[in-house]
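Residue numbers (this note's numbering), protein chains in the order written: chain S, 1 to 331; chain A, 332 to 662; chain Z, 663 to 993; chain D, 994 to 1324.
To be clear, the hints were calculated from the coordinates, so they are not data collected in a lab. In this text, all values refer to a predicted model and were calculated from it rather than measured experimentally. Just so you know, not all the hints are guaranteed correct.
[Claimed, not checked] What the simulated footprint calls covered on chain Z by chain A, stretch by stretch (three residues with Cβ under 8 Å from a Cβ of chain A suffice, anywhere in the stretch; the number is not a length):
hint	stretch
1	895-904
2	943-953
[To be verified] Partial selection, computed: residues in chain D whose CB lies under 7 Å from chain S:
hint	residue
3	Val-1069
4	Gln-1073
5	Pro-1090
6	Pro-1093
7	Gly-1226
8	Tyr-1239
9	Leu-1256
10	Phe-1299
Glycine included, each C-beta is placed from N, C-alpha and C at the ideal position.
Number of protein chains: 4
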Amino acid sequence: MRVYRIQTIGNLDGLVAAEEPTPVPGPGEVLVRVKASALNFRDIVTIMGKSPFPVKTGVIPMSDAAGEVAAVGSGVTRFQVGDHVVNTFFPKWYGGPRAPSPEMYGSDRDGWLAEFKVVGSEALSLAPRHLTFEEAATLPCVAVTAWSALAGVRAGDTVLTQGSGGVAVFALQLAKILGARVVATAGSAATGERLKKVGADAVVDYVANPAWAEAVRALTGGRGVDRVVEVGGPGTLAQSINAVAYGGEISIVGALAAGDSGLDFMSLFMSQATLRCISVGSRSDMEALIRAVDAHAMHPVIDRVFPFAEAKSAWEHYAGGKVFGKVVIRH
Amino acid sequence: MRVYRIQTIGNLDGLVAAEEPTPVPGPGEVLVRVKASALNFRDIVTIMGKSPFPVKTGVIPMSDAAGEVAAVGSGVTRFQVGDHVVNTFFPKWYGGPRAPSPEMYGSDRDGWLAEFKVVGSEALSLAPRHLTFEEAATLPCVAVTAWSALAGVRAGDTVLTQGSGGVAVFALQLAKILGARVVATAGSAATGERLKKVGADAVVDYVANPAWAEAVRALTGGRGVDRVVEVGGPGTLAQSINAVAYGGEISIVGALAAGDSGLDFMSLFMSQATLRCISVGSRSDMEALIRAVDAHAMHPVIDRVFPFAEAKSAWEHYAGGKVFGKVVIRH
Amino acid sequence: MRVYRIQTIGNLDGLVAAEEPTPVPGPGEVLVRVKASALNFRDIVTIMGKSPFPVKTGVIPMSDAAGEVAAVGSGVTRFQVGDHVVNTFFPKWYGGPRAPSPEMYGSDRDGWLAEFKVVGSEALSLAPRHLTFEEAATLPCVAVTAWSALAGVRAGDTVLTQGSGGVAVFALQLAKILGARVVATAGSAATGERLKKVGADAVVDYVANPAWAEAVRALTGGRGVDRVVEVGGPGTLAQSINAVAYGGEISIVGALAAGDSGLDFMSLFMSQATLRCISVGSRSDMEALIRAVDAHAMHPVIDRVFPFAEAKSAWEHYAGGKVFGKVVIRH
Amino acid sequence: MRVYRIQTIGNLDGLVAAEEPTPVPGPGEVLVRVKASALNFRDIVTIMGKSPFPVKTGVIPMSDAAGEVAAVGSGVTRFQVGDHVVNTFFPKWYGGPRAPSPEMYGSDRDGWLAEFKVVGSEALSLAPRHLTFEEAATLPCVAVTAWSALAGVRAGDTVLTQGSGGVAVFALQLAKILGARVVATAGSAATGERLKKVGADAVVDYVANPAWAEAVRALTGGRGVDRVVEVGGPGTLAQSINAVAYGGEISIVGALAAGDSGLDFMSLFMSQATLRCISVGSRSDMEALIRAVDAHAMHPVIDRVFPFAEAKSAWEHYAGGKVFGKVVIRH
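This is chain S alone, in the form it adopts within the complex (with noise of 0.2 Å):
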């Protein structure tokens, strides 16, 4: 099978492609036929050698994929040959805490930019029916970061997004789904009309609007939101402090926007708000995202598609920015 390792770490050309034998599935195990893969900002972090985590160099890099059970190991009983799999990011946190020092594909253990994938049975979930492989492969990562980072938003609620990455893009779509409105912050007038297009109420454009925090406030009568997805981090939370409703949440799942650490301590408690730290989801909620992306047909929101031979050329997409929702490989 074609498989990529990241045979050097610092930049992009550490992505090499290779011939290997296609494994066979133990006890437990099952075979993915992998169909599609799908990018994150962790995988460049990775390649670049800026990861937080530890890296085992030589690691087939990329976590979320979607693919076909190929073959199953004794004893499995979850799948059969034929179903369409995602799957869950962390391949053993099945619910509950969180380990601290998880398993994670694509820097300490293989990934799934390979043709052919073996993983525990326990390490999969069905794919919604309605979904493209290509579509199903956007899920284990920033679409269960985005579903965690919403947890408790009901009716009534307005939701802060910002940006049109991954996270953010399934955030507004999911927030619409569980019936919140949804303002989102966009770096042009073009990106903010793509926003509206997915289903943002209102959109703020940060680039001309440095102090968004400000309009954003104006937008819900001045109460502020009621749930921020912070994507931005460092580079944002100064504004999101601004932002967000008296007692509300700021759910933070990323450090994108460079920055001090934008916090201002009586800012903070003065807004009595919380900010939560998110890490993508268990396979429980990855199970109830499923659940609600089937009942609402909804489709994940595609950038691009690349072949699996052009590999590379995704990650050089992606990594240039400017991409609006996910960047996929077809394998």
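Fit chains A, Z and D to the given chain S structure using the hints.
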């Protein structure tokens, strides 16, 4: 001003109109010009002498109303003359756990079937801006009850509603804006059609299928529903337990359907369901409901509106059953 | 190795010893040298042919055990040879919602009444360090059940326990370390005295007072208890509903007491109580329990320990009732 | 009656005694004969002109008091003359979410440093029966704050408290009755000894170990603490993030320690902790606290009691720092 009082208990003839002086608000109080009131099952139960709660003969009935602030007493800052308001069902349950022996309008103290009423300013909320007084008057009891009964429901869940009474129709509408799928039971094909128009995804005829749980289960791929909004009580609970998903929840809000207790202990235990009794909700709950109704520009479903002078006809119509949504009196 | 199997269903004579080859752990598996196992009501129910769950004749019984890791298969990182471990009741419920048809030891698959057993490494937890194997073996079923049944209880609450069985005694001990006050029912003055020694703040004799709810209510100044750990089921639920505080919770963990369903619908509704069915708990729950047991150096209450060769006597003793705490078999 | 008012802002000399007429309770109001009041950090901040909240010059200061009901207005049913009562910190936060701009004693409206005070009957709770007035007066602000900051803590958890101020000492006492283990930081060996006497399981000297998080982590086997009751704020938050367990929670209740924001964004994100801002609590929270204090016959720790005539000395003593527990004024 004109008012109605329950002068005798036993049948609807106990409802008698009278002319009384218009009250004056004291410190911290508000005078409401009542514009509409809405009937609930408990109003009928009360006048028939079947209420499980203490009832004071001579009381002004009805617990749900909307109106305009006509005057405010000293020290009132929450409202101004001209504000459109609705009352909370329990005048002193603002949030937190409910007291065991709460004050209740229309049973142990005067209710809202009057042209004017004075209450403490903390016992009112601003009405949703897009609703008529007739619509807003339907919120205090059944809409808040339905909202409380749906606590924790989110996109991807399936909710079961029973029939076409006030709680059931609100639960259907609210479940939809929460992103849930709704299976509704109905006593006739015609009612079923109307429920579908209000948003039901599927309908089961409980007259044609007395063992309707089976049909509900089939509609959910065998899984059962995640939440039952149980209004029937003794007469429907056995079916509800059969219809609920493993580990699901049955919110008990009423006891409209005659029958024995309906609970087979081992059926309940094997279902691993939770039975949660619901008693309307607090002012906090009502405010959250109003935000949701506002955000979705939701309109309550009104069965019929009667003029104040024909209040007794409204009671007779409602007591006759066969209503779809709320019966309202225009003051 | 020596094992016991349920060779016939119907009475305790179905329990038959045999000599079998010691199993070998495969990849991801652990070989446990079982040092102690503990009996539960469901073991008796199973061999008597009264289990509501599917039972496979010929199965090794018992679901609760503690032992030492004797060998590990390839890829196991959670444990090392020599570790003291306890099993989780459900081998694959790690956290999140429980599956409707879980795998269960001693009914549809081999349990722990054997000198050695091989299980997946995810199906074990480290035993609390201060406990003997006999003590640790009591945790998987009843201690986790009691812990789950007390979820949400905190200092200032009053908890009602029923009798002196395994769940009741653990519930008493755990409620005390959670800061709650405990009222225990007892079938005799002698049992009541023992319950007080274990920590009960007050005891009510349910034989002398068949309508014991009244006495419980008096002990709480009329308020009722905040939580009932309901082990009786049909035969006690009516009293439990009378004994619970307005808006309190009854955690249903079993059905030990014969009787009709015991549920008067209007009594339940007027109590505004929640009935929550409990099915032991996940590995996450067990780990939280173990942390609590560890932190408080809590010791399980053992009724009697039997040697492995006399396992049948243990079953007879336990089936005879009149136990106080857990019946354990030393392997 | 004798009262004190803050006649000028800037230093403690602004506190001036006066003779005023005793107020009379109106409808729904209660006249309290104040027997004791307790100082909080915000009282000092307010008179010094450093409060972030609006302050009205001339106001009667202090937010916490206990006393006896001296008279009740018409319609009051919650209390009778002679009842021992404590006030709630926020006069109108009964439960549910707190309003963004609440009424607060001693800043925008008259507080409790007076011989008598009239308040609405809903703004009081019955005092715990086993406490003196001096002890009961300490509850409204810091005890409720500590209780709120510990929400969700249960047996087996470890809680970190900081120093020996009012919130810290209550948090220590309350964490113990919740079954938690407590690690306390202290500024001296002597303070550490006193904290141990109050119940701390371990003490870390933050003067001797400016990087005290390491020592705290070592005391928890490397795991970190499950909950931090953060009173230092800017000056301690960085250490708190290092000391908290993966996925744990830091309850932010104050900002006593000078310093920069103390928040390194990536440290927070890698800790996966939640930062939750706490603003005292509602009447519901206070009632739950009082039940817990009652059930455990817990006694607040009082640093020193001053007579009413020497109220200014109490303020000076408290402003000087170096207190252990609460500073109380006997009226």
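Going through the earlier hints one by one, which of them does the structure break, listed in rising order?
-> 2, 3, 4 and 10
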